[in-house]
Structure formats: C-alpha cells, structure tokens
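Student: Given the structure of chain X, go ahead and fit chains Z, B, C, U and P onto it with the hints provided.
Each chain, letter by letter, is given below.
Protein chains: 6
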Amino acid sequence: MRISARNQIKGKILEVKKGATTSHVRVEIAPGQVVTASITNEAVDDLGLKTGGAATVVIKASDVMIAVD
Amino acid sequence: MRISARNQIKGKILEVKKGATTSHVRVEIAPGQVVTASITNEAVDDLGLKTGGAATVVIKASDVMIAVD
Amino acid sequence: MRISARNQIKGKILEVKKGATTSHVRVEIAPGQVVTASITNEAVDDLGLKTGGAATVVIKASDVMIAVD
Amino acid sequence: MRISARNQIKGKILEVKKGATTSHVRVEIAPGQVVTASITNEAVDDLGLKTGGAATVVIKASDVMIAVD
Amino acid sequence: MRISARNQIKGKILEVKKGATTSHVRVEIAPGQVVTASITNEAVDDLGLKTGGAATVVIKASDVMIAVD
Amino acid sequence: MRISARNQIKGKILEVKKGATTSHVRVEIAPGQVVTASITNEAVDDLGLKTGGAATVVIKASDVMIAVD
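Chains as they are written, first to last, in the numbering used here: chain X, 1088 to 1156; chain Z, 1088 to 1156; chain B, 1088 to 1156; chain C, 1088 to 1156; chain U, 1088 to 1156; chain P, 1088 to 1156.
Excised from the complex, chain X in its bound form:
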C-alpha cells in the first residue's frame, strides 16, 4: 500500500504507553530525535507495536506547521 501522505519517516519504537482508549507511541527517527504519535489502543494491538520494533511515522502535509525564532 502506498499512501498520499507526503511525510513518511522510518524509525524505531522507543515506547508504547497505553491509556484507557488512547496510546502514545514514541518513535526515534534519528539519533536523539523522537516523534510522538497519539493513536487508538486498537491500532497498537492491530499492528502489534512494541518497544524496539521498526515503524514509520506518517503525517499528512496539511497537518504540519512551520515555526521560526
């Protein structure tokens, strides 16, 4: 499957923290650079996400903002 989302960055799962319905998954995409995803518990189970596993973070371009100092 290929998807329209412009941003797809490979990394490694550092942590999966489950809540009541929502999980936070932290993925290291480069040394010391971590992206946090907030996804459903069902998705975590469905994809079998766990610490140390390979994963790709996927982000639609319209969800990215730009900041400057």
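Don't read these hints as lab results, they were simulated from the structure.
Just so it is clear, the structure is predicted and the values come from calculations on it, not from any experiment.
You can take every hint at face value.
For identical chains, the list gives no copy identity; a pair is met inside one copy or between any two copies.
In silico DSS-like pairs for lysine-lysine, Cα to Cα no more than 27 Å straight-line: (1) LYS1105 to LYS1137; (2) LYS1137 to LYS1099; (3) LYS1104 to LYS1137.
Tutor: Frame of chain X, contents of chains Z, B, C, U and P only:
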C-alpha cells in the same frame, strides 16, 4: 512562546512553492530527510519564509500515524 | 504497509481536480456515496491517481466527528 | 445547521466505548462497513450517543488521505 | 444538526478569498478577533458564504493546541 | 517563536482535566466564550498548565470548518 504540540523538529527550508492560496514548504530535518508542510500563503509572508532559512516543523501528536511493513 | 489509521475504505476514483498546489479527489465508496479528499498535487502524481482507478480512502479516527439530527 | 465539511455519511451507532476523557464511537455506514470516531466523552454525553442510534459521520476533506495498492 | 465538535463560535464573515481549489474565509468572532478557515471552494459555494453573512466557526477539540509565553 | 498557524487567541485557563493519557483544557477567550483543547498529559505537565493561568489557543486554518443555519 512554547506550544503543546509534542513534535518540534528544527531544520532548513529547501523550497517554498506558492499556490493560489496554499503554499507547500519543504524543510530538511536531517541529511536527505525532508518534511513537507501545506500552509497558507499568508503564513509564508507573515513569517518571511524563504529557501535556505532556518525553520522548525511543528506537528501535534494526534496528527501522527504509525505504519509497519 | 499497514497503517494505524482506523478507517480505510476501498472505492473507485470518480474525479481528480487539480488546483495550483492542492487537488481534490472524489472517491465512490458505495453506490451514490462519495468521499472527497484534499491532497497535494505531488501525491496525485506520485500515486498516479486518475478517474476510474481503484483507491482506498484513509482517515484517522481522531479526525472523525459525529453529528445527530 | 449546515457545515462546510465535504464528507457527511449517515449510519447507525454500533458501539460507544468511553475512556477516561476520550471515547471511541463506531458507526456502520453500510453493511459491514464501519467508521471509528475518536471524540470527547463530553460530546458523547452532550449528543446522547448510544448503541443503535442514528448518527452521521462528518469528516473535513483535508483530513482524508488516498492509498493505492 | 448537532455535531460532536466542542468548539462552535458564532461570528460574521469578513472576507471570502477563493483560490484554485481552496478558499480562505475570515470570520470575526468578537470585536477585533478574527478566525481564518481554509475550506474547499465547493463548500463556499454550497453554503453560499459571502462577506457580511453570519457564520459559525467549528473546531474539533483534538485540533486545538495551547501555547504559553 | 512565531508559528504559521493563523489562529492564535489569548485567554485564561478555566479547567485542566487529566485522563489516562489525554487531557482536556478549557480556555476562556472572551467573557462566556470557551475553547476546549484535547492535548497530551505530557504537554500539560511540560507547559505547567493550570487553572487561572494565561494561555493562547492555537489552531491551524485547515482545521477550521464553517457552519451556517
């Protein structure tokens, strides 16, 4: 200003492509790793974004998805 | 590739309308039921989207709202 | 009230699963086709959502992605 | 129609600026306080939005961030 | 830091309600006008958000919808 968005990654602007109302800004966050943002033309003008400038990409955790092979 | 987004519905592309930087793609997911996606022109080109082609609409659960009469 | 969101699909609520602050609501929009929404518990209470009730899923076009095989 | 989105603020349309596929609509929600929406041209036409008209801005809670100085 | 998000409205925090992983923060932006944000618990802790504090709600234009009666 500090913002709640969990993902804030510094980089360098590679390209600013303006459309009729919407611009696409491409930011290199690591060698060969580029993030595309779709933002308003007004934001591009307001922040003075241009190729070569420093910029931080900002993404809310609830807008990040995870994919696996 | 499998993705965390909970909503993935197969359909057929009815129309691809390109703008200056943003395209609107309309996908029929059931007889008479059409979903519109606003994505970048680059994604349209990259995936080779065109009228009549098969496509899956993908939507993160946190982007879905519920309405009642 | 009429809203700008391009995607509004009528269905029937299959399940309402409440978490600590966030609920997951599953709506069947066609036989065997289910859309999951992640919304606040307050919205569930405010709209009186419950299994078996009629509901419309509402999705902004800019939140829809397209995938191909 | 009532919708799950927690944020619904009434105002008056100050400007509708159409692009190739995407419009920017600016709504004054309080004296001097303006909210900008980026929506499809089709939505603008469908709802008959024009300068001076009454309109409600609608925002899902999961799309709101918080910043502090 | 200045950010591309078009909508930045100053207000005062009325309530911070923490869930298992997700918090709801309610900010009064004008007398009687309240905006609800759904953000991570980590963001609440990181920014030190608490009732009575000053805060700015930040919303990307592409996440704003328009409704009419």
